[in-house]
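Novice: The chain contents come next:
Number of protein chains: 2
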Amino acid sequence: MTAPAATQSQSVRAEITAANQRFIDAFSRGDVEALARCYTPDAQLLPANSDVVQGTAAIADFWRMVLGLGIASGRLETSEIEQHEDTVIETGRYYLSTSSGDEADRGKYLVVWHRHDGEWRLHRDIWNTSKPAA
Amino acid sequence: MTAPAATQSQSVRAEITAANQRFIDAFSRGDVEALARCYTPDAQLLPANSDVVQGTAAIADFWRMVLGLGIASGRLETSEIEQHEDTVIETGRYYLSTSSGDEADRGKYLVVWHRHDGEWRLHRDIWNTSKPAA
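From first to last, the protein sequence lines are chains W and B.
Our numbering applies: residue 4 is where the first sequence begins, and numbers increase by one.
Our numbering applies: residue 4 is where the second sequence begins, and numbers increase by one.
In short, the hints are calculated from the structure, not lab data.
All values derive from a computational prediction rather than experimental measurement.
Every beta carbon over 12 Å from chain B, so not counted as near; a handful from chain W, in silico:
id	residue
1	S14
2	I19
3	D28
4	A29
5	G33
6	A37
7	R40
8	A60
9	A61
10	I74
11	L79
12	L99
13	S102
14	G104
Coverage of chain W stretches by chain B, computed from C-beta distances (three or more under 8 Å per stretch; other residues unrestricted):
id	region
15	47-53
16	84-98
17	107-120
Listed next, with one range per pair, are the computed distances between beta-carbon atoms:
id	chain 1	residue 1	chain 2	residue 2	range
18	W	Q57	B	T101	26 to 34 Å
19	W	D105	B	D34	41 to 49 Å
20	W	D120	B	R67	41 to 49 Å
21	W	D45	B	E80	13 to 21 Å
22	W	R16	B	Q57	14 to 22 Å
23	W	E80	B	M68	23 to 31 Å
24	B	S102	W	E122	45 to 53 Å
25	W	A21	B	D120	33 to 41 Å
26	W	D45	B	R16	15 to 23 Å
Note that CB positions come from ideal geometry on N, CA and C, so glycine has one too.
Only chain W is shown next, with the shape it has when bound in the complex (with noise of 0.2 Å):
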């Protein structure tokens, strides 16, 4: 037997895709400031190509960066959700378009997120290119 399925609540996956619509709204703003703040403060992002980047001002850089290299919008759709009280594992599939519209990226990421002062964060974000390879 595998362990059993945990609470997948409808209103978690709402939440989450709330929290993720929060994300997606402060990248198409450029809003760095605001997208450092859908994270915990100890948050880390796994990239690829990078070491691991921990805590608010890093990943306010890291996204500033992306952003400064023409991506201008995003889209995350969600897979599973598997929820453990205060923390949700999620995978899904994310889509990053230039500000001409042409696909810029596409791939896969699993998120852990932790609720931090009432609201859902991302503590964990590691995600990969489902492109080939140049």
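We have chain W already, so just place chain B on it with the hints.
Specialist: Then chain B, alone, in the frame of chain W:
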């Protein structure tokens, strides 16, 4: 306040270390069937430059392909464990070597483990390289 830290007993850390060692031993032997048995039956790999790889047969095929690239051994280093009953979230670093001992890759991973039939198995497995982009 951040969500209270989940249970992180020494014994669970030791169990995950042992499960990782079984994985690495199977990898070093080139035993893809044993590797696939380290995963839950409904496990997913999320490798870069690929769509999601789901299920035992597809996971065996994936590792057969990796071994075919000349990657001969690996090392896993756990950074952090967060346990929620029969689920463990592990982050860490990996190091892969060729048969001649050269570094093939190094990077970061996040694994969601589920307890399945009394043993810890990888359920979601995502990683990416820490090497600079080519």
